[in-house]
Amino acid sequence: MTAALVRALGDFDLAEELVQEALLEAVEHWPKEGIPDKPGAWLLTTARRKAVDQFRRQARFREKLALLEGASMRDDTAEGDDRLRLIFTCCHPALSREAQVALTLRAVAGLTTIEIAHAFITSEATIAQRIVRAKRKIVEARIPYRVPAERDMGERVEEVLAVLYLMFNEGYLATAGGRASRRDLAEDAIWLAGLMVRLMPEEPEALGLLALMRLHLARADSRFDADGNLVLLQDQDRNRWDRERIGSALVVLQRAAALRRSGPYQLQAAIAACHAEARSWEETDWRQIMALYDVLLELMPSPVIHLNRAIAHRHLDGAAAALPEVDALQEVLDDYYLFHATRAELLRDLGRVDESRAALARALELTANPAERTLLQGRLG
Amino acid sequence: MKYVLLFGETKERAKQWESMPEAQRQAAYAPINQWFEKYGNKITGGHELQPERTATTVKFNNGKPVVTDGPFIEGKESIGGYAEVTVADLDEAIEMAKGWPTGGLVEVRPVVDRGEPQR
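Here the protein sequences line up with chains A and B, keeping their order.
Heads up: the first sequence is residues 1 to 381, going by this note's numbering.
Heads up: the second sequence is residues 382 to 500, going by this note's numbering.
The shape of chain A in the complex, shown without the other chains (with noise of 0.2 Å):
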């Protein structure tokens, strides 16, 4: 699009900063009006209405304005690139994370502020302060609209999935509010990780991220139990569990294995989906699962990564092999209630109740979510 301003204005400046003021109509309206038919067009369209704008002001530039009226342009540049450079404009690093997440929402999921707001249980005004304070920093830092230089894509692209992750988990693990789970905001990444497959389809960490976001919520509907309550994987029905979705998410998973460039979240997605394919609990393959911490953990050494790896490890070869392992995280998990929840199982294994109670009260001093509250008063009885 700028190249076809470019073209019919013979200023590259001119067209880019057009082209931003375009984008930033953008995110104005299309929440309001909705992403209109052709967001390509649209905003080329634009450009050029702010072109005319800027043109009749200054009286030196009327034959570049009557070039203007009269040249007809051709939006030549595929939609696709468009909505590409609007992601990395919306996810561009220099912007806090939470004005990327409001940003992406509003101006590539088409919300409406009020409807961001809802989904992160904050005001109205909060939101529309965050986009426009990002807004100001596009326009005045001059973040260009762009896809990022081949150097730099790597870690854009990190970037941009970590957005859409966070917002998942927003959605499916809402640590926040009173309703333990708001699927709406975890639909609406989904969707996200979809279009970034389709505009990136040889970025095997993309689709990694769209296949565990299916895994995960392909569950959903079998964490809670009528009463809202949290139901634990090894106590969930999994005949309620989404075949269809898991499947889909298998072939995803496939097609960013065939591109050999392994990455964190195919192998998220890979251990999701040795749950999936388990038939039952006990049939869940612990070997092939601690295995794909192990290379995890290479990539990302965390240590909530390293105690997943130990609960794989207990079910594995039992509590009193994988406490060790657990008790070794205590000083960096200490405030993490998944830490002493985890604890106090392994404990309760091994027949040191009282340890296990204590380890328990310390798990639940540190959740604020609901549901998980419930699951740890039931255990302390």
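For each label pair, taking beta carbons as the anchor points, the in silico distance ranges come out as:
| no. | chain 1 | residue 1 | chain 2 | residue 2 | range |
| --- | --- | --- | --- | --- | --- |
| 1 | B | 492 | A | 149 | 19 to 27 Å |
| 2 | A | 283 | B | 457 | 51 to 59 Å |
| 3 | B | 399 | A | 140 | 33 to 41 Å |
| 4 | A | 198 | B | 397 | 49 to 57 Å |
| 5 | A | 98 | B | 493 | 23 to 31 Å |
| 6 | A | 198 | B | 402 | 57 to 65 Å |
When the alpha-carbon atoms are kept at most 30 Å apart in a straight line, the in silico BS3-like pairs for lysine-lysine are as follows:
| no. | chain 1 | residue 1 | chain 2 | residue 2 |
| --- | --- | --- | --- | --- |
| 7 | B | 396 | B | 479 |
| 8 | A | 137 | B | 383 |
| 9 | A | 135 | B | 423 |
| 10 | B | 457 | B | 396 |
Honestly, the hints are just simulated from the structure, not real lab data.
Even glycine gets a Cβ: it sits at the ideal position worked out from N, Cα and C.
Given chain A's structure and the hints, the job is docking chain B onto it.
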């Protein structure tokens, strides 16, 4: 588009830098000089600053100027220098900052430009 890159160091590292033997300090300057050479055509100004201990701050109490010793930015970091660069956009300025060889911090700030008429 003009930006200023503010080069920061933790105060601890700034002290280490100062207490280096001269030969070692010269050697440490080599990669910095290379950086300035590499981006020579984009750098339109800048200076290394004397250490923070040389700073004097003038503040105004009810409009009356008061001179005090020390910098006005308080914290663990101090500013060791700056470069003014002219580049196309933020990505290009960030690219330069990423190549800064001292391992400190670089703040990228766009400059207010009132020189050109609004297009």
